[in-house]
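Participant: The primary structure of each chain is shown beneath.
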Amino acid sequence: MNTLLRMERAEGPGGMAVILLKRPGFAERLAVLGTDYGSTDLVLPSGRITPPGVAHFLEHVLFETHEGNASDLFSARGAYSNAFTDYGTTAYLFSSPDRWQENLRLLVGFVTKPPFPADKVEKERGIIVQEVRMYLDSPGSRLSENLHQALFRRHPARLDIAGTVSSVKAIRRNDLAACHRAFYRPSNLCLVAVGDLRMKDLLATLRREIPAGRLRRPPHRLPAEPSRPARRRIAKRMEVSQPQLLMGFKDPKPAKGGRQLLDRRIAAGLCLALLFDHAAELHQALYESGLIDEDFTSGYASERGFAYAAVGGQTRDPRKLERLILKCIAKAAKAGFHAEDLERARRKALGNWIRILDVPQSLSSAALTAHFQGVRLEEYPARLRACSMSQVEALRDEMLKPGQLAISTILPRK
Amino acid sequence: MRGFSSSGGFLHRRAAPGVDLFLLPDRRFRTVSIRLNFLQPLAEDAAAALALSGAVLGQGSAHLPSRLALQRELDGLCGTDLEMDTARLGEIHLMEADLALPSERATGEAGLLKKAVSLLAQCLAEPRRQGQGFPKTVLSQERRGLKDVIASARNHRPSWASLSCLRAVCAREPYRIGRLGSPEALDRLTPEGLLSFWRRAASRLPVLAYAVGDFDPSRMADLLAGAVLPLRKGLPAPLPSTGFRRAAPTRPARRVERASVEQARLCLGFRTNTAWSAAGFSDLVMANMLLGGGSHAKLFREVREKRSLAYDASSSLEKTKGLMLVSAGVSPQQADRAEALILEQIRNVQAGRFSSREWRDSLRTLTNRIRTLGDSPSRLVSLHLEGFLNGSPRTPAEVLREARSVTPESAAAAARRWAHAGTFLLTSRGRRRKS
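Protein chains in written order, with my numbering: chain B, 62 to 475; chain U, 748 to 1182.
Since the hints were made in silico from the structure, they are not lab data. Since this is a predicted model, take the numbers as computed values, not measurements. Even for Gly, the Cβ is constructed at its ideal location relative to N, Cα and C. Some hints could be false.
[What the hints assert, rightly or not] Here are some, though not all, of the chain B residues that point toward chain U, as calculated from beta-carbon distances under 10 Å:
no. : residue
1   : 141
2   : 190
3   : 191
4   : 193
5   : 196
6   : 344
7   : 474
All chains, please: the whole structure from these sequences, using the hints.
Facilitator: This is the structure:
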């Protein structure tokens, strides 16, 4: 199975990790340069606390180089570029069929050597405020951000990734520069390249752009997070056609990384599939009764310092849906799962993994996140096969308990 | 290849009158993507009926008489995805039956493809029934689901604003009709009437079947023909017309909707007045690239980057219907300013006021997008389907050649054919505005 994923790893200059996912014969060549730094890293190695939203602000402002906006420079070579900020990662990418080395140099250059021009910082502030407002109008974003607020008491995952309008206004140029100095050193970066490429060419380009000296990786200073949720419930009214419900079960023992995390993620995925996927009896019953629609979904999120399972969607009666979901979990805890259902869920998970191999952007993001979490992506099929019923049931009994539950709802305005 | 002709880079075989198979075998992929398109003219009752038929057909078959049973079979086939959905291409309404699965080579499981296609065939040819109709409860449940989807369109503000703008532009044309029809039309459907509609549709509507990925084309052609031909009876209906319309500039329709929003959504709709098959079509595509086709374009540069007025500002084409939509998310207080700036950028493109750099960046972005088309099964299918329905399927290489032949003058000329037909503003309740 591993021949499906042709993956090479190397260490680049300054300790930068380099991963190549080979796709022979494809025109598209994509590179993602990510830092192990996201919206939840509010504390500098010196102990200074920065305002929420710095990681996301940096994502915007790094595009401003001495030679002009990096987006423009990519466009001038016909390349597509983008960036994203998550709770634990910030990443910058381009994709292009040609001028690969030039584009790679540009990517590495603007991410590692930003000038932070004062006028551009102010310009980006205006754009970011618009972005924050856009998310405030999105019921889906509010639903999940409120769930985080209910789940976490101290962990900064309780804050919006982009910050708030006021925290964005409070961010100073020296916050940006200090966070960049601390978290964008090569030893904290990983480059993932996807396409018909050679590792030796990648390394040669990186060596021209990045000095060889190696700085220590910065620590991640996160407050200790209690294992129980901060609040049971947060409800908000918005202009929506129907209520929306999202139930989150806080994982009391989030894995720190590596194979332990991969195994927990696999076990959680299988457990949630057995309880809530289309092939689960609960799904059929809820769908037929009109309580849920096609958007009903479940998933397991695991980032630095936290993990939780979430389930929910649009519903006419959030209280009833909540009751039925809890009842289903209790029933499964009593009766157990069936071996044949587990095998089927395993086959589905394997098929989904294979399908990601044909989607370069998803593949590169998965490889980047996996690297920062110490997970080896190529081990997925083998670990999936190895996951036992007892692992799945143990995780269910530890995590899917009423005491671990927090609930976010969006209700239509009266 | 024997038994196939060539069509826009795909292998083509006419399996029967009105049933065309387009195959693109490619061993680079780890997956197989199949799409059967059933085509009809866009009309309210028929749109609702085809959409509801698809939704009901996806709930199992006579052999797997529940959604649960069907889903368990699909999951057992390495998580094969089977989806029935609807779409619009201009005024052509399509029911899309999609099958996506890992390839037999990737999984090492011979027979996976045949089993997956046969599940799709069962759903289409031998649906669940109750008497002379679809099961009443299934129909009610799926009707409710589609009505919820229609009602929840407002929840996603950017899409809602785009939809509302296009409705304002095409207020008196079939294009105003949504892909699911209307709640009223859905309410009119009965179990017996809908099964009878589906049988007629399946037997007569033109079918364009696509497959892209790692498979043997002769085997795939046999499997797809085997899935579709049992449905066919009588003469096929002709291909529906696209609904492309030319329109002279008039006073644009204007609609303002107020809601509790933090950010206003501004949408401007235009007639392109350039058909897909017209000589100037590539000029139009390039003019749109210059205006709002990416981060290199005027809208992004002027509205977002220079003035910080918006997080997003872009333009896109509905090439078959001949529409262009400009969209931006702006502060409610800045909506007037943003609108004026957008109109100014449009005038700039029309007057050929773009720098050689803007031209070069737009052309490179466009050509690179075309060059990577061949890496994506869904983009390959979309390109061929749109071309076929507009009378001239083109390969990515042909599209690339045409894009490279566009000149600044011809792009500006295509932009001068744009006619502003409508504006939609979704804004906050806080401030009154003359409209």
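Participant: Checking each numbered hint in turn, tell me which of them this model violates, lowest number first.
Facilitator: Violated hints: none at all, because every hint is consistent with the structure.
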